[in-house]
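S.K.: Build the full structure now, drawing on both the sequences and the hints.
Residue-level listing of the chains:
There are 2 protein chains.
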Amino acid sequence: MDVEELGQHISRSFNENLEKVRNSVLAMGGLVEQQLTLAIEALENADSELGLRVAHNDYKVNEMEVSIDEECSRILATRAPAAGDLRLIIAIIKTITDLERMGDEAERIGALAARLASQERPSTNYREVRNLARHVKQMLHSTLDVFARLDAEGALEVVKSDDTVDEEYEAIYRQCITFMMEDPRTITRVMDSTWIARSLERIGDHSKNICEYVIFMVYGKDIRYTGLGDIDQKVERAAERSSGHL
Amino acid sequence: MDVEELGQHISRSFNENLEKVRNSVLAMGGLVEQQLTLAIEALENADSELGLRVAHNDYKVNEMEVSIDEECSRILATRAPAAGDLRLIIAIIKTITDLERMGDEAERIGALAARLASQERPSTNYREVRNLARHVKQMLHSTLDVFARLDAEGALEVVKSDDTVDEEYEAIYRQCITFMMEDPRTITRVMDSTWIARSLERIGDHSKNICEYVIFMVYGKDIRYTGLGDIDQKVERAAERSSGHL
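These protein sequence lines map, in sequence, to chains A and B. According to our numbering, the first sequence holds residues 35 to 280 in order. According to our numbering, the second sequence holds residues 35 to 280 in order.
Simulated from the structure, these hints should not be mistaken for lab results. These figures come from a predicted structure and were not determined experimentally. Don't take each hint at face value.
Since the list gives no way to pick out one identical chain from another, each pair is judged satisfied if it fits inside one copy or across any two copies.
[Claimed, not checked] Here are the simulated BS3-like pairs of lysine-lysine, each with C-alpha atoms no more than 30 Å apart in a straight line: (1) K94 x K54; (2) K194 x K171; (3) K171 x K54; (4) K194 x K128.
M.R.: Encoded structure:
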């Protein structure tokens, strides 16, 4: 093998490494999605066993985080990636932290759903919370999608949609306060469903974080803590500047 | 300058870089500590102006995170650090994410304290919440201390102390439910103080996370998601193995 061939070989095996770790992130995201889906199913069907199973299975999400983390460290140590590849690895290290914390929230929802299963059901069977869950699940799904496609514009759309999730959460919260004031005997139960709504709202926040890392990965621009109008402009400008490099 | 001198020069300037970024993390931690202290002061003294100022000043914490993040990327890209240095950088990238989220919680506490300032005070003036705050502040202070000294054993102590914070939080939560049931007119106010307690509990969780990164930095062992008994053994074994290298 001559030097050029060797170089190509190293670079191919490097790309395979990066591809493998990206796929692992998507697999981890898929598992978190599934945990969330099952946790909400447990709430809807008052299925305490399913809720507990979700809570129990969170360790699988944690294991994936540790394994991807180690893989990233190995790549950094042995390959010393630069520019876009380095940004990818840094974004992955951050992304899996957010995915792991989403997993924790799904675990909480599962445990709360299990507790609520044995209690009296509200006439709506938690319709508002389930609606919020549907939006948050959609948000997580889109997040994994823009991560897979490195789609910064799609990521920006997801970032924006977090406002709707926040508003929906606040409406549920106000409604919960009203329920509790009207009938204090429901306080414990209503508080549990408030926590579920809160966990869903957090999952939305984590999705938003990941989408911000995607934008950083693609453009090398840190858009966290920037007003949305500014972000729009920045993405546009960065897109103009780097349109030749994508 | 001969090659050896040049080598020493590069390595000295690399160490200076690492030292600088470590100090920035400590400065960021100090700012978060201060934000938390002022937010609790706002609660204690019903000082709505101070609460709002804390909420407003969170952008400073965010700015520090972005700047340290960029510095870490620069070091990774230009120095390709290995082994312990690489672990330090990875741990810092994770640590500042947790510090930033603690800053968000302090911001929330400030805003809630401002809202509570205009309302009737409970006879205890939120004593239980302030006690919890004192413990959490102590935990954060110790965390910054073990980070500064790269003290894995101290870090393990902080990790363990999180259980006490969790128990204290749960006691406050149960008490809040009782208050609300006894006097539903207080529900809005009591809910706000529950959120403050929850934010404090979260700050405790973030401290614990950072201490786990410190242990990882020192021993190269990932102890997340390991039972505390196991961690004790691991730290002991890792300490035995690496005692010559510290």
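S.K.: Hint by hint, say whether it matches the structure.
M.R.: Verification of the hints:
no.	hint	verdict
1	K94 x K54	within (18 Å within a copy, 37 Å between copies)
2	K194 x K171	within (15 Å within a copy, 34 Å between copies)
3	K171 x K54	within (25 Å within a copy, 41 Å between copies)
4	K194 x K128	both (20 Å within a copy, 25 Å between copies)
Of the hints listed earlier, there is not a single one the structure fails to meet.
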